[in-house]
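Protein chains in written order, with this note's numbering: chain Z, 1 to 468; chain L, 1001 to 1468; chain Y, 2001 to 2149; chain V, 3001 to 3149.
The hints are simulated quantities; they were obtained by calculation from the structure and are not laboratory data.
Where hints are given, some of them may not hold.
Cβ pair distances, simulated, as ranges [unchecked claim]:
#, chain 1, residue 1, chain 2, residue 2, range
1, V, G3108, Z, I197, 48 to 58 angstroms
2, Z, E378, L, N1270, 39 to 49 angstroms
3, L, A1042, Z, H111, 14 to 24 angstroms
With a straight-line cut-off of 30 angstroms between C-alpha atoms, the simulated DSS-like cross-links for lysine-lysine are [as the list claims (entries may be wrong)]:
#, chain 1, residue 1, chain 2, residue 2
4, Z, K262, Z, K341
5, Z, K416, V, K3143
6, Z, K416, V, K3139
7, L, K1060, L, K1289
Sample of chain V residues with no beta-carbon within 12 angstroms of chain L, all distances over it, derived [as the list claims (entries may be wrong)]:
#, residue
8, D3069
9, S3075
10, R3076
11, G3106
12, W3109
13, T3114
14, L3132
15, M3140
16, K3143
17, R3144
Note that the coordinates shown come from a computational prediction; the quantities given were computed from them, not determined experimentally.
The beta-carbon is built from N, C-alpha and C at its ideal position, and this holds for glycine as well.
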Amino acid sequence: MSDPVVQLAYLVSTGLFIFALKWMNHPETARRAVLSGVAAMALAIIGTCLSPGLISSHFKYIALAAIIGTVIGVPLSWVPLTAVPQRTALSHAFGGLAAGLVGVAEFYKQHAEGGHALGRFETSALCAEVLLGFLTFTGSLMAAGKLQELKFIPSRPVTYKGQNVVNLSLLGIAVFCCVLLVIDGARFQHLFPVVVILALLFGVLLIIPIGGADMPTVISLLNSYAGLSAVAMGFVMGNKLLITAGALDGSSGLILSIIMCKAMNRSFANVLFGAFGKVQRAEAAAENKIIRSATPRDAAELMENASLVVIVPGYGMAVAQAQHRVREVYDQLTKRGIRVKFGIHPVAGRMPGHMNVLLAEADIPYEDLVEMDEINPEMPQCDICLVIGANDVVNPAARDNPKSPIYGMPIIEADKAKVILAVKRSMNPGFAGIENDLYYNEKTLMVFGDAKAVAGEIAKHLAGDSSE
Amino acid sequence: MSDPVVQLAYLVSTGLFIFALKWMNHPETARRAVLSGVAAMALAIIGTCLSPGLISSHFKYIALAAIIGTVIGVPLSWVPLTAVPQRTALSHAFGGLAAGLVGVAEFYKQHAEGGHALGRFETSALCAEVLLGFLTFTGSLMAAGKLQELKFIPSRPVTYKGQNVVNLSLLGIAVFCCVLLVIDGARFQHLFPVVVILALLFGVLLIIPIGGADMPTVISLLNSYAGLSAVAMGFVMGNKLLITAGALDGSSGLILSIIMCKAMNRSFANVLFGAFGKVQRAEAAAENKIIRSATPRDAAELMENASLVVIVPGYGMAVAQAQHRVREVYDQLTKRGIRVKFGIHPVAGRMPGHMNVLLAEADIPYEDLVEMDEINPEMPQCDICLVIGANDVVNPAARDNPKSPIYGMPIIEADKAKVILAVKRSMNPGFAGIENDLYYNEKTLMVFGDAKAVAGEIAKHLAGDSSE
Amino acid sequence: MSVLFVAGSALGAVLAAGADAVSPDASATAVSGAAVRAALHDAAASGVSLNEYVAMLFVFMLATFVGLDVIRRVSRLLHTPLMSLTNAISAVAVVGSILIAGGKHGEGWTWINTLGTVAIAASITNIVSGFLITDRMLKMFKKREEKKP
Amino acid sequence: MSVLFVAGSALGAVLAAGADAVSPDASATAVSGAAVRAALHDAAASGVSLNEYVAMLFVFMLATFVGLDVIRRVSRLLHTPLMSLTNAISAVAVVGSILIAGGKHGEGWTWINTLGTVAIAASITNIVSGFLITDRMLKMFKKREEKKP
Ligand SMILES: NC(=O)c1ccc[n+]([C@@H]2O[C@H](COP(=O)([O-])OP(=O)(O)OC[C@H]3O[C@@H](n4cnc5c(N)ncnc54)[C@H](OP(=O)(O)O)[C@@H]3O)[C@@H](O)[C@H]2O)c1
Ligand SMILES: NC(=O)c1ccc[n+]([C@@H]2O[C@H](COP(=O)([O-])OP(=O)(O)OC[C@H]3O[C@@H](n4cnc5c(N)ncnc54)[C@H](OP(=O)(O)O)[C@@H]3O)[C@@H](O)[C@H]2O)c1
């Protein structure tokens, strides 16, 4: 009796997962998306607990594990928004671990009492599950470490000669072991631990040559792998819910990483093997060009007389946690009837959608967060473009200089505005490690200082003036 | 050995079908869509012929049937574009027939040698297949007949008291028989022919009360049913290709009929049970208002001096086959540097996309076929709006008069243009059977006559003038 | 109306899946297989045919999601050819027809085979005319010619 | 790289499906069932497990189509919460973990059950933190307030 119920639960759960992702297409329906996702997961778990063949005396351990998971999970959701990438990476590590452990359990179960030998189809799927799961486990841990800037994990890329050859041959050996396991699982049984160890090792080695700043793309890719390992688990267990949910997850990771690569105008290969952000750092800041600078007070006065102000935030705003001060500037300006819009570049910051979350946190209505493609045609009408801690995403070299390493990357055309105010601490380059001609543009005024402090002062001057 | 090959063929075929529909999203990839569809179908057929269990001596009959199908099918694809709706309906009839016959065969096969009793799941699916298949068969034949205006099928709605009650109880009896068959297929075996006959009858009765002009929506709905019957067949046979392709087809029919209903601002129920186009015809043409009319020569002269001309075609252009003459007008105007656009209403004509196909046939580049939502903001800038055989789709009452039966239907706002030229044969109303105030507008000039003749004359005057 | 049908058939299918799990043939398979089947597989599914039905429902649901999404994005320009294209696609019923026409249902050729053959002819008519007319229509859609170099 | 993985695993799966059709357990089922199974069913599938594998591949393919379509239309505004939401969804692996932890793999509690339990804890961590943080972020997205009536 209970089995059709379980299957029905899985079917409904799958539908709910799909709706959850559908509803993410607009902020207004997005909270419903979470509800739908939670309902789907609850149904999946309840359904599974009702499955025949489970031993009721084991449920106390299951409950215990669930409690432990909750106890760890709840505080993990309290991290500050700046730590979201690390949290996601850590979470993928857990996901990979779970998939990998289930794979190991399934492999050894076939020799245990009541176990039945796995077919070739199941064995291949199982190998994929274990490989992807453990690779995701260590890879994500490394990624989280690099992002958290842990001391014992170098966040800069570590490269050595023949690195790719070593990595690929490790992977080759692992795959070869898998093939032997598929051909005769009983005979080559002892190769299974080798596969596990190689997967764990490969995860570490894969991440070592990648710079900390490329981690967001890597995390997305690892998300995709976690999804695929769930798919593989579904193939082993003949469970369609796992296959569907895993495939949804796999596509999500893939698409996000493609979006990031496109917005950076780089290929997957370049991200994974390019050791970006290492070589080019050297060439920055050579000639001596003229820089015009201004105080926050000047900036405030300029802005008072504008009718359209476009604010372009970047990684610097995130680091400085300046979003609340920026909100004050926004408030002061809109109070005077000045139209303020935010120009959001798809890869501003260090993860996709980074700026949106920060500004939403500071209560900026999302209608004023305008995508790159929509803000660019408006830039020539813009009186003041306030660039806060953004650098690469407004670098005109990406558009004009075919020799630039970021040439071809789409940018927000801040240089088309009538006046550009650039807030940053120094003339240091950004993520890509290259010079930005925008700062030497004759329409540009540099406002040096920490983004939070400068934005705060601008807001204060604006407020002071209005109360005068 | 051959079975995995068959299943693989089905898998690839399914993917190709999906790509076929994906590629229909743009005219540039659309021909690839047909290729992909053909490849998918070829794979499906070849795969099926390789299935184990088929008797080779039967292949000659299969081939014969295929040849007969081809011989009928090829000429059917040569019909003039005006007859496309009828052809589609006829084709659905074939589809429904095929599904129904397969269902019958499957039902009686279980008692034949080697047949095995169908489970409940299969029997319910089989009943759905037979019901939907035969209903689609007769319903589509009726629809085709009404569209072709065959003498013995009244194209106006035939209604009588208690019609809906009769129809619904027929359906109720059929469903009840199905339930009995599911409960005990062997005992109630003799009810199966009853289900078939009721389905055939229901198809006829369902269409009788619907007016000929509502047929496009009905055809779309029947398309959806044909798809669903393929899904049901898939459930009976355990064939996932049938399920997927059928579901794709079912969604397509559903969405197209929803689009049509929305664009007409009517509900499904209204289309199916409303006997539209019968009652309202009476109330047309009451008051005596002033009409201004013009000759084709006047029209040509007016257009010569325009800088933006929007042509709004409608059913009249299709009936008169005037698209090639319209193309001549277009050529003459563009030759003089006048910008010409076509304003395409989603339900202009008698099937979705009707105008697009006709104008494409006349070699108008598809970039100049502008959708309603995009052309409307441009209408105030339009110097001349040339309405050719369109009526309801430009009726301002749909926007302004809450008492009008078509109130709420989106329209092309021809009345916002500086001058409106309306080409039609008389002051008779269009499909909805209601008066159109646009014709009494003081900016409107009526050019009476057959659309083909009038457009031809306009083109001649334009050409004559330019060669003078 | 159509909603009624869709909902009705879906409900019927689900109920049938439930009912079948206790029907003779399904439980027979489950019993005979029980001894050799692993706890894992037992946990995941109590009968092979149930699993089959569930798979079909999954496929149906997912295909419907795909279909609705894909169709909604078809260019409005192409709605007429879309109708004839899906018309041709609905003729996949040919697969079932061939299996009926070519199958063994008694001694030699039976009336069941004849039904299948008629169904093949009907489906092939659909396929041939549907694809041909779709292509004919699509061929007509042209971009603006760039006359000047 | 990822393309490599996807392609590789898909290929592996397909090959495995082919190989399995001749593997002992699949053909055994086919043989024992052959007598009672109708010609139709034989024509459609030569073995139950093959059918199962095909079903899974169908489900995988369709789910990928759905996934790619759906994700491509997620608002750019919400890419960060999307990451944490899918992160939570990937923890469906909890289903497999429960089946392992609760199953019977020998006398009483075995080390296999322990592995399952650890996997449960890991997955639940993911689920709880993933959904909570997603909701926390989404709560921050607000429309412009309409202050004046
Ligand atoms: N978003 C993603 O998903 C993603 C993923 C991978 C890679 N990336 C890459 O990340 C980059 C993002 O571009 P971006 O323009 O946002 O950032 P960026 O190019 O890295 O520039 C950030 C700028 O902020 C300034 N800054 C740092 N701390 C500051 C503080 N406390 N106060 C004020 N200014 C501060 C820095 O200059 P000073 O040191 O002079 O202050 C730096 O020039 C792109 O190159 C993109 O390709 C993004
Ligand atoms: N497209 C679809 O999918 C679809 C589906 C279902 C229903 N419909 C309905 O069909 C209607 C379509 O609107 P529409 O504006 O295209 O057409 P319409 O409202 O039916 O008007 C067509 C007009 O063309 C004129 N006409 C007929 N033959 C002509 C000829 N040989 N030369 C010149 N004029 C001629 C008629 O007037 P005269 O008799 O005075 O010449 C008539 O007023 C809408 O009401 C829509 O709801 C459309």
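Against chain L, does V/L3132 keep a CB gap of more than 12 angstroms to every residue? holds (36 angstroms)
Can you confirm whether the C-alpha distance between Z/K416 and V/K3139 stays at or below 30 angstroms? Not satisfied, since the Cα-Cα distance of roughly 35 angstroms exceeds 30 angstroms.
Cβ distance range 14 to 24 angstroms for L/A1042 and Z/H111, holds or violated: violated (46 angstroms)
V/G3108 paired with Z/I197, Cβ distance criterion 48 to 58 angstroms: violated (29 angstroms)
Would you check whether the claim that V/G3106 is not at the interface survives, using Cβ distances to chain L and the 12 angstroms cut-off? holds (35 angstroms)
Is the Cβ of V/S3075 farther than 12 angstroms from every Cβ of chain L? Holds, since 20 angstroms exceeds 12 angstroms.
Measure nothing beyond the straight line between the CA atoms of Z/K416 and V/K3143; if it is 30 angstroms or shorter, mark the hint as holding. OK: Z/K416 and V/K3143 at ~29 angstroms, within 30 angstroms.
Outside-interface status for V/R3076 - nearest CB in chain L farther than 12 angstroms: holds (21 angstroms)
Are all C-beta atoms of chain L more than 12 angstroms from that of V/W3109? holds (39 angstroms)
For Z/K262 and Z/K341, compute the direct alpha-carbon distance and say whether it is at most 30 angstroms. Between Z/K262 and Z/K341 the Cα gap is close to 24 angstroms, so the pair holds against 30 angstroms.
Indicate whether the distance between the beta carbons of Z/E378 and L/N1270 respects the range 39 to 49 angstroms. The hint (39 to 49 angstroms, Cβ to Cβ) holds, given that Z/E378 and L/N1270 are roughly 44 angstroms apart.
For the pair we were handed, L/K1060 and L/K1289, check the Cα-Cα distance against 30 angstroms. Cα-Cα ~70 angstroms, so violated.
Violated hints for the displayed structure, listed by number in ascending order: 1, 3, 6, 7 and 8.
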